[in-house]
Every structure is written in structure tokens, then in C-alpha cells.
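Chemist: So you can see what is in the structure, the chains are spelled out below.
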Amino acid sequence: AAGMFLRLLSDVQWRAANPKWRGVTGSRRSTSTTADPPPVSLPAQAQVVICGGGITGTSVAYHLSKMGWKDIVLIEQGRLAAGSTRFCAGIVSTARPLSIELKMAHYSNKLYQQLEQETGVQTGYTRTGSVSLAQTQDRLISLKRIAASLNVMGIPCEIITPKQAAQLHPLINIHDLVGAMYVPEDALVSSANVSLALATAASRNGVHIHERTSVSHVMIQRGRVTGVETDRGQIQCQYFVNCAGQWAYELGHSGEEPVHIPLHACEHFYLLTHPLKEPLSSSLPTVVDPDGRIYIRNWQGGILSGGFEKNPKPLFTEGRNQLEIQNLQEDWDHFGPLLSSLLRRMPGLEALQIMQLVNCPESFTPDMRCIMGESPTARGYFVLAGMNSAGLSYGGGAGKYLAEWMVNGYPSENVWPLDLKRFGTLQSSRTFLRHRVMEVMPLMYDLKVPRWDFQTGRQLRTSPLYDRLDAQGARWMEKHGFERVKYFVPPGSDLLDLDHSKTFYKPDWFDIVGAEVKCCKEAVCVIDMSSFTKFEISSTGDEALESLQYLFSNDLDVPVGHVVHTGMLNEKGGYENDCSIARLSKRSFFMISPTDQQVHCWTWLKKHLPDDSNLTLEDVTWKYTALNLIGPRAVDVLSELSYAPMTAEHFPSLFCKEMSVGYANGIRVMSITHTGEPGFVLYIPIEYALHVYNEVMNMGQKYGIRNAGYYALRSLRIEKFFAFWGQDLDAFTTPMECGREFQVKLDKGLDFVGQEALLEQKQNGVYKRFTMFILEDHDTDMDVWPWWGEPIFRNGRYVGKTTSSAYSYTLERHVCLGFVHNFDEKTGEELVVTTDFINQGEYEIDIAGQRFQAKAKLYPFSSLFTHRRRKDEVELSGYQRE
Amino acid sequence: FYLTPPQVNSILKANEYSFKVPEFDGKNVSSVLGFDSNQLPANAPIEDRRSAATCLQTRGMLLGVFDGHAGCACAQAVSERLFYYIAVSLLPHETLLEIENAVESGRALLPILQWHKHPNDYFSKEASKLYFNSLRTYWQELIDLNSGETTDVREALINAFKRLDNDISLEAQVGDPNSFLNYLVLRVAFSGATACVAHVDGVDLHIANTGDSRAMLGVQEEDGSWSAVALSYDHNAQNENEVERVKMEHPKSEEKSLVKQDRLLGLLMPFRAFGDVKFKWSIELQKRVIESGPDQLNDNEYTKFIPPNYHTPPYLTAEPEVVYHRLRPQDKFLILATDGLWETMHRQDVVRIVGEYLTGVHHQQPIAVGGYKVTLGQMHGLLTERRARISSVFEDQNAATHLIRHAVGNNEFGTVDHERLSKMLSLPEELARMYRDDMTIIVVQFNSHVIGACQNEE
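Line by line, the protein sequences give chains F and X.
When we follow full-length UniProt numbering, the leftmost residue of the first sequence carries the number 1, and every step to the right adds one.
When we follow full-length UniProt numbering, the leftmost residue of the second sequence carries the number 1, and every step to the right adds one.
Chain F with its partners taken away, still in its complex shape (with noise of 0.2 Å):
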């Protein structure tokens, strides 16, 4: 690490004498890779145009350039390696929560250690480990869930005593102590240094590096990139990867047809120090001691120590000002309490002599998780950035997976939770995002219980029936701005507020979900979920159904009037998205949608169907209000308002048929409810909202209707095996691995998307299962319950994780889905998974360092279908979204 930091203080002092400008003439590198001026030219034309040069930027031209993608540009406005990657506390820490992060942050641990090898640039890569310490039980727990991934990976991780860290790091004081992390392979490494390696190497493999150059725009022409607008000229390209860190909202707002980008800064300090008496060992672990917000490593014999605090300073709302970040001011009394939480844990450093309160402003996302892909409005238009202050963890692995996406058309992993195209404009307004950000950092560190929500920037997208349902105790979660509820507190209920429902036990809520869950079984209840994302397709002639059959896994030429559950699925048959289509008319469809496919099936729908004036696609997402009215005597409610025969003779399941309710016409009517119990969905025109739901509501009364969120409906979807896209689907995974072959057209004869990768799988089986597992020795009222990305075991060997879990009030049992692989005993190669495979084992799920017996199911238990309805009648479609 040291050479970054000599660099850096040498700027430091440099700065001080300068306090007005800084980088005209700074100090010279040692490791240059490119000549400062006189500058180079700029080519007019290139493939792509990389713009940052941090530690992003760097690594996607390196990525890029050993793909064998060799025509690049990499454009930095000052120098390389400055912004947040310059002040980057150099700490490379594997331990994430999300897999794909933690697979990033694995990649480029790896990438670092050998990069010095490759290119001969000192990157100061030591392995140090790292400790991350556990105040509380809570928080014990959510290190042993971090853990049990990380040992699954092959990453050695373990759970620690308080004496063992003591041993590990003779300062800490470990007093207030319950347990703590431990993972040696972490490492510390001059972030500047990795950058200027991975240039060295990228610019090697040919890539052209342009420093003090200033990109002021991206030129867009009919929805594709055509180029870049520089301050010392344009350049022609077919890609654009703006890695601008911090700047990128704004470069993705300097054209004339915006790319939003949504983050926002917030300033980050950390403190250097001068040696110890006895200067500490540079190979000590980081310590990381969340309950404190702080971080502590060994810095040239001192300590570097940070944190994320409770109260963070946003900046740059405004806009970009370049020579503020160079004047950002040392704030002792903000840093205070970070001070104590250091001082407490390391009492011992005291005397120790202070030489700098660093500010390094880092850039944060609305959900802290990073955004990378390409924009949904500009074709060859990609983004990296809005790193979290984990830039130097995830640059490696991210850069990584963004070289893939543009060489290969997809990374090799599912990026899905950091596609930028799950946000779409709304995520955008300035005010949001420096509300969002100001709870999102210090969340970097606050304990993530199950079922936890963003308490900012809410209330932006509402039902018309919002008052109505708060007024009778809605509480509510939010998705994709969208405000939906998650159960509702009878009158005279006293709930815990938020801060005591937070926990890894049974919630307190519990009985309250269950008894909108016996409701949904006996009775009849209403669950407003407006949120779905809807379009419109039609055409003058057939070109909707033809266009549709080819994207879209099932058979849509049914009758008019009826629904049918299918995949959108990519060439590898994967799903994009999961949904519902209802065929209106012979040439018009109605398609729902999980909620944050807004813009994602937007963009694919819009880059894959013919560009043809007679078909048209609406998002009508706005128009409708749903409702969705789940159990038995939902028939009954809905008959009594529409005058109109609901039995199943008359309007069988999957139908939809615009009907009458109460005096409101034009509602569209299905009977599916999500959910496998009967019932229907009513989209309601907007304006009728509240009239249909009063109606709905005074006419269920003696049917014991009652309101329900979104908590019953999740328990009712697991316990009946059903997945949701963005949850337990993804675009790895295909409808024959998760046992929906029956909604594929394979034996139709028609041409459509996947097809032959499905094809393949028919013939030569499958490489993982979507398997059902039921708990058996777990005891709701005194384990940690289960939640999502638990390790599963078969026959004591880990075959893969859970992606859902719920309790079902039926079986009295918790369920969790999750996919089992076959990893050979010896080469760890997947094999094909057989349904005696499945079958012919004893399982254990993993919740938080504890194994409990699971019953596996490649099906629902029938016994939970066990309404009036024939069975071939009943909705076994397995499609759920939340």
C-alpha cells in the first residue's frame, strides 16, 4: 500500500502549499503508462469509448481489451486513478451479502494478488484477513449467514470467539464482544496502484489512454450510440461505458436524450496516523466493527480508520464542481463519534498522533447495490458505476462481467440485482436520491434483518385506494417506488413500532399474516396490487400474435378470452420475464408483469419486436387499479355484484372477460389469483378504483371478506411451490429446471426464442432443480427463521441455496425453494440432476451456521388444492411474482 499513499501525501503537502489548484503540474508518477503532455491526438473513430479512469474504467478496458475487443479509448478528465479511487481506504474485503457481489469481490481479490506478476506495477497487494466483529447476537447471526455463503464458495471464513480476535489483533478490546468473522484471504492493496496495473496491462493489449480529457457529451442517434463529444474533439464509436464514478448521473444527463443514472455522493472520512511507538505489523488484519460504524487497518506502521455514520453529509446535490472536490474540508466534529467508536474498540491508541482527516466523497445507489449494463434507451450505451465505497472490491469482478455483457451480449453470471435497468426515471430526482443516499450509507453498516425497507423517498407511487387502506391500518413495503402492503394491524392491535420488529426470529406480525391466511382459505379476501407492470400489444393484423409466439415460451394463439401463464425467455432459455398474457381480442394482449420489469421488459420487448407502425405496445401500468380477491367465496362476491353466473362453468380458470362491477363497467376480470387458490383479479380503470373497492368491500361483508397484504400472499405462493421471477427465476434459469414444461410450446412446431437450448435440456436433462424443501425439526417460535440464500445439503454435501422461504400457515412448517445442482465428489463438475436425485437424498438447510432436516418436494401437496374446482381446472402454473 505504500506507494499510493506516498503519492498521496506528497499531493497532500503539495495541496497545502497550493490550496487553490491542484493537478495542473502535481507530482510526478513513478508507474506512468501514458506520456503527459504534449498530448496525443485524439482517434476520430473507435469501437468503444471508455470514459473514467478510475478503478471501474481500468478494469473494463483491461477486461475488454483480453476479450479481444482491441479498438478503445479510455478517456479520463484529470489524471488516472484520481477521484474516489485516489483516497480509496485500499481495503479488498470479500465478505457481501448479495452472491454476485461477494463473487465480484472474490474475482478481483484474485485478480489483484497476481496483477503485480502480470503487468510489473507494485500494487502493494498483502494478505492481511480481515475481522469483523459482532457487538450483539443479532449481529452474530448476520455474520454466520455471510459465513455459510462464503464457505460454500471455497472461501475460507470462519466464526470466531472474542479471545481468538484479540489474537488475531492485539489492540482490539473485546470486552463488549459476543463473536466475530474471520477471513484470512482478504487483503489491502493501493486501489491507485491496481488502477494504473490494469491500464499498464490494458493499454499493452492496445487500448488508447487520453488523460485531461473531458467528455461534455454522448451523441445519441435513433436510440444507438454514434459517438462522444470531447473538449479536444469528437470520436466516432459503436460503444459508450461511462464509468464516471460520481459524475455519471450527470454525463448521463449531458445529452440531449438523458441516461439515468441514479446516485448521488456523500462525503466519506477516514483518519490516518502516524506510527506507533512500536509501528504496527503491516500484515495485521482489517478490523471491521459494524455495531461501532467504523473500520481499522494497519497504515505504514499507523492505522487508517473510517466508518459510515448515522448522519451523512450528501454532496455535489447541485451538480459536478471540480475544484470542491479538491477543497473538501476535514469535519472533526462529524467525525467524532467514529472517533469514540475507535477509541473504544482500540483504547490503547490514544497517544497515538493524528496526521489527517481524509474527506473522499463516494457515490451510493438507491438500493447500495452497484449499477451496471446498458441503458435501456441507448443501445451501446453501458454503465459501471455507483459502487457503494466498494469500488476497489467489486471493480475487478464488475469490470469483469460488464466486458462480458457488451463482447458476449450477457455476463456469465446473473446480474440482475445491479441491472441499471431495474430503476427507470423515477429513480432519478435529485431529491430522492439525496434523501435515499442519506439512509442508504449508514446502511452499509446497520444490522439487514429479513423483510427490511428503505424508509426514505416513499410514497411516490400509490393505488387510489392508499388513504383507504392506511386509514385501516396498512402497513406498507415498497417496490420500485411503489407503495404496497405488507399486512394490516386490526384496530386495537398493539404492534411493536418497526425498530422491535426487526429480527431473525418470528416476527411479530405473525399472527396476523396467519389470520389473513385463514381468510384467504375460508373466506374471501382483497389484496390491492396495483404495482404490476402492464402493457398493451396489438396490431391491424396478426403481427401481435406472430411477434408474441416468437417471444414468448408458451403457445398464445388460444381463444379470446383466455390467459395463459408463460416465459419470455433469451436464446439460452433462461427467463427475462415471467408473466400472464390474456388475449383481449384476436389481435390485441394483455401482458402482467412483475413489478420491476417496467423498464426492463420494456426494452426487451421494444429491441425484439418488428419495427412495424401497425403493432403497437402500451404501458398501461398506470391506467389500472388491481384487485386481487383471493378464496372460496370470492365467486360469491363477484357474482352478487355483476349479476353475473361465477362458477366455474361460466367463467372457468385462466379466463378474463370484461364485465360489470357494481355500477362501474369495463372491468377486466381473470381468474388467477397469484396465488393457487381461487379467486380472481379485478383491473379496475382507475377512476373506478375506490367505487369497486367499496362496493366490493359492503357486498363481501357477509362473506367475512377482509383486507390482506403482501406477507399472506407470499406465504400462499411458497407453500404451493410457486416461483417468482427476480426471486427464484432468473435469466439462467429455464422452465425445465424449475418443472414448467407444460408451458412451453416444444411440441407446437413453432419457431420461438430458446428453443433450442430448451430443446437440448429435453434430451440431455437438466444441470439444476427448482426443488421444494419443508422443514422438519426447525421450531418456529425459538430458531432463526429462514430467509433467502441459505446453503442446502444433500447427503452432508452442499448442492446449492435457497432463493425463497415463507411459513406456511397449512402445513404449520416452513417451506423454502431453492435450486439443487450435482457437483461431481471429485472435479466439482455439475452433473445432470435426475428426479431420483432429487428424490434419493437426506437434505439440511444451513440458517445462520445451523442445519436443519429438510423433506425435499419436486411438487406441491395436492392435498393444499382442495377447492371445488376439477383438478385439470386448477391454476398449477407455478408463476408468481412479488
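Hints may contain errors.
Said to hold, decoys possible - Capping the alpha-carbon separation at 30 Å, the derived lysine-lysine pairs in DSBU-like fashion look like this: (1) X:K247 to X:K260; (2) F:K572 to F:K66; (3) F:K313 to X:K247; (4) F:K70 to F:K421; (5) F:K110 to F:K421; (6) F:K606 to F:K748; (7) X:K373 to F:K310; (8) X:K373 to F:K277; (9) F:K857 to F:K745.
Unchecked claim - Heads up, incomplete: computed chain X residues facing chain F, CB under 10 Å, no partners named: (10) K13; (11) L130; (12) I367; (13) V369; (14) Y372; (15) K373; (16) L383; (17) T384.
What the hints assert, rightly or not - The following residues of chain X were derived to be distant from chain F, with all beta-carbon distances above 12 Å: (18) I11; (19) G34; (20) H93; (21) L96; (22) N120; (23) A230; (24) E321; (25) Q455.
Calculated directly from the structure, the hints in this document are not laboratory data.
For glycine and all other residues, C-beta sits at the position ideal for the given N, C-alpha and C.
Here the structure of chain F is known, so what remains is to put chain X in place on it, guided by the hints.
Modeler: Just chain X now, kept in the frame of chain F:
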């Protein structure tokens, strides 16, 4: 015996009062944002009084602190009556006529003042008729005088002070058939009170002061620092001009006996005051009034006692010294306080503490390590102390309370020491007066934008 922080707070906050001027009061945009006031007793009962009111028939706001001695009767009477005398002195002829006509015909009276009172600030019900009659006589005289000239604030203040003191004196001489009232007017006349009153109207600020309370202006310099500008002169032995004045008013033979041990005639600390007829009436008058007065008065050694070397009364006057100040945007606030505050704290500290309180914490100078050698422990200590200072600011919603907290609790480093605060506040009644005096504070906050706009208009 130890008070917990909440107990300390409940003592400190018992008398606090805040008034925020409505943004638009119906007539004009006020140059006063509002005021905070508070008082902390040392005597039992407290002898300080405070008043605040908005003039309804003229523009402007009146605020005052009154420090009583030899009992609280005089301070109480002045706090109830003085503002009416000032308001009436300021009224134009037509309004006076209108009011007189209304009284004459039994119609509803135009309201003259809108009071801003803490629930503990009471008015005597029994004396209201008496007080009203005296006031009515005053305005009737003003109507008869009808100078026709527009009223000068300075003159109005001086006239009001003198007239009220005169009325107090007269009422005691005349007496009242009601024995309770008779005793009351005598107590008022035989006790004394100083007064420090501010009249704010737009950019025009007048301070009328009688005695040793003080008005201090808080001025924020361009660099953000605070300086204190005194807008009143203490009328006591430390004021050479005042000593000179007293000497000028009496024969040379009395020169040595006039001021002894820094006291007027060796007895009285303030050199100007309301009441205190013992320093104003002739010996004959005093004896006559006491003899014909109620027994309680006769039994009281203090009232019967004639000051030594009492040759050429009156020795004392209630005539105020009036200071005019034209408000500027940098004048952020005005502090009116009785000597209980000024004898414990330096004016510069007072203004700085209030200034920092009102502008908020962000003006606290940021810390920069620079080239100094600072250890983590030292920095931690420094930050903890700064946080404590901030939290004491946040503890108080009232600038006057905040000032009292500092005045009573400050240690040698200028920070509030809870232990000291607790000790000072838990002193038994009979001891409290030895360690501190009654303390009454009003902090008036100005609206710099309005003041700046007024300036630009002219």
C-alpha cells in the same frame, strides 16, 4: 443534595417565556422577530419584574426589566403601570380625545397595549381602579395641554417615567379609604425599583434607563464574531457622571456624605429609582405619612428610619436617561437584564453566548489539525467538550434560559458545569441571596432583513 439534569432544567425553565412576532401584524412588517425572557429568583419572593407589550394605537413594542428593592411592591406597580404611561404619552391628541370620550360615555375603550405575559406575571386586581384613575388624570392633563406637536419618543419616555413616580408619591400621600389599598400604595412608595425599558419601532430603538439594570446590543461583525454595545448607563457609584450629577444637585457641604461606600447616602446602590420616598420626601412629610399610616407601617423599622445626613431632599429621581440607537442589519439582538446578570458575567461573554446560541452551532469554528501534534485522545476530549457545548444549546429553547444556565453554571473555563449548576440552584432560600441576585433577562431578536430593507428605502 444533588439535582438531576431534568430537575435543573425544570427550575431554570419555570419562568421562561417566548414571544414570536407574527410575520405580518396587520400594520407593518416588524423589525422585531420576537423575544425570549426568563427570570431566576434568589430572593423569596423574587423582587425583579419584567414586562413586554405591543403598542396598539401607535407603532412599536415596549420591553422592560424592573429590579425592586426593599420588597417587590414598587417593581410590581411599575411593571403594571409604566407602559400605560409611556403609551399614553405617545398617543396623538385625537386618540386621547377618543379614549376620554369613550370613558366618559361608558363605551368600550380602545385597547392601548397588547401584553405578552408569562402566567406568573400578575396584575393587581384591587389597585386597578386606583391606577386607572391616576392614568386618566394624566391623559386629561395631556389633552388640556394639547401642544399640537408630534410626540417625541424621548420626551414621552421621560415624561412617563416622571409622571408615574409622581403618581406613586401622590397616591401614598393621599392614601385610600380601603385599608388594603392604603397599605399597598404606601408599600409601593416606600419600596423602590429601577427600570430599563426599550421602545422599538422599525429601525428606531430608544432605551430609557433608571438605575443599574442594563441594555446591551449584540452586534455581529463581518467576520462573524460578536461585540457588545451598551445602550444604557448604570446609575450607580461607578458612573462618574452620575456621582457628579448628584453632587451638583446638593450643597457642597453634603459632598462627603452624599456617596458613601459606593451607596447613595451610604444606603442605596442605584442612584435613580422609582418609589423610595424615604430619599425623596422631606422628613416632615415622611413622619406625617407614617404616623397616619397603618400600624404595619409604624412597626416597620426600615420605613421609620430616616437616612443620615438627610438635609436637602429629594436625593433620588426616577427621571430616565434615554439613549437612541438607529438599528443596522448587523444589530442582531438586544439584551435587557437586571444587575443580577451583569455582576456575574462580562458583557462580552453575555453577547457571545447569546449570539452563538441564536445563530446556531454551525458557527462554531471548525477544527483543523494542520501541522499541530494532536493525539487521538486529545482530539476525542476536544470533540466531546464541543459536543457538550452544543447539547447545552439544544437543551434550551429560550435564549434567556440559556444565558441564565451559563451565568449560574459556568466554571472557570466558560463552560456549563452541571455540578456547579446543581449546587447553585439547590441553595436554601436564606443562602441563595448571598451567592447570587435575582436575575431577569429579556433577549429581543431583530429581523435583519426588515432593518436592511428599511435602510434601503430611505
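Chemist: If a hint holds in the structure, say so; if it doesn't, say that too.
Modeler: A quick look at each hint next to the structure:
| no. | hint | in the structure |
| --- | --- | --- |
| 1 | X:K247 to X:K260 | 12 Å, holds |
| 2 | F:K572 to F:K66 | 24 Å, holds |
| 3 | F:K313 to X:K247 | 65 Å, violated |
| 4 | F:K70 to F:K421 | 28 Å, holds |
| 5 | F:K110 to F:K421 | 29 Å, holds |
| 6 | F:K606 to F:K748 | 26 Å, holds |
| 7 | X:K373 to F:K310 | 29 Å, holds |
| 8 | X:K373 to F:K277 | 15 Å, holds |
| 9 | F:K857 to F:K745 | 25 Å, holds |
| 10 | K13 | 27 Å, violated |
| 11 | L130 | 59 Å, violated |
| 12 | I367 | 4 Å, holds |
| 13 | V369 | 5 Å, holds |
| 14 | Y372 | 9 Å, holds |
| 15 | K373 | 6 Å, holds |
| 16 | L383 | 4 Å, holds |
| 17 | T384 | 8 Å, holds |
| 18 | I11 | 30 Å, holds |
| 19 | G34 | 29 Å, holds |
| 20 | H93 | 58 Å, holds |
| 21 | L96 | 58 Å, holds |
| 22 | N120 | 38 Å, holds |
| 23 | A230 | 34 Å, holds |
| 24 | E321 | 45 Å, holds |
| 25 | Q455 | 32 Å, holds |
Comparing the model with each earlier hint shows violations of hints 3, 10 and 11; every other hint is respected.
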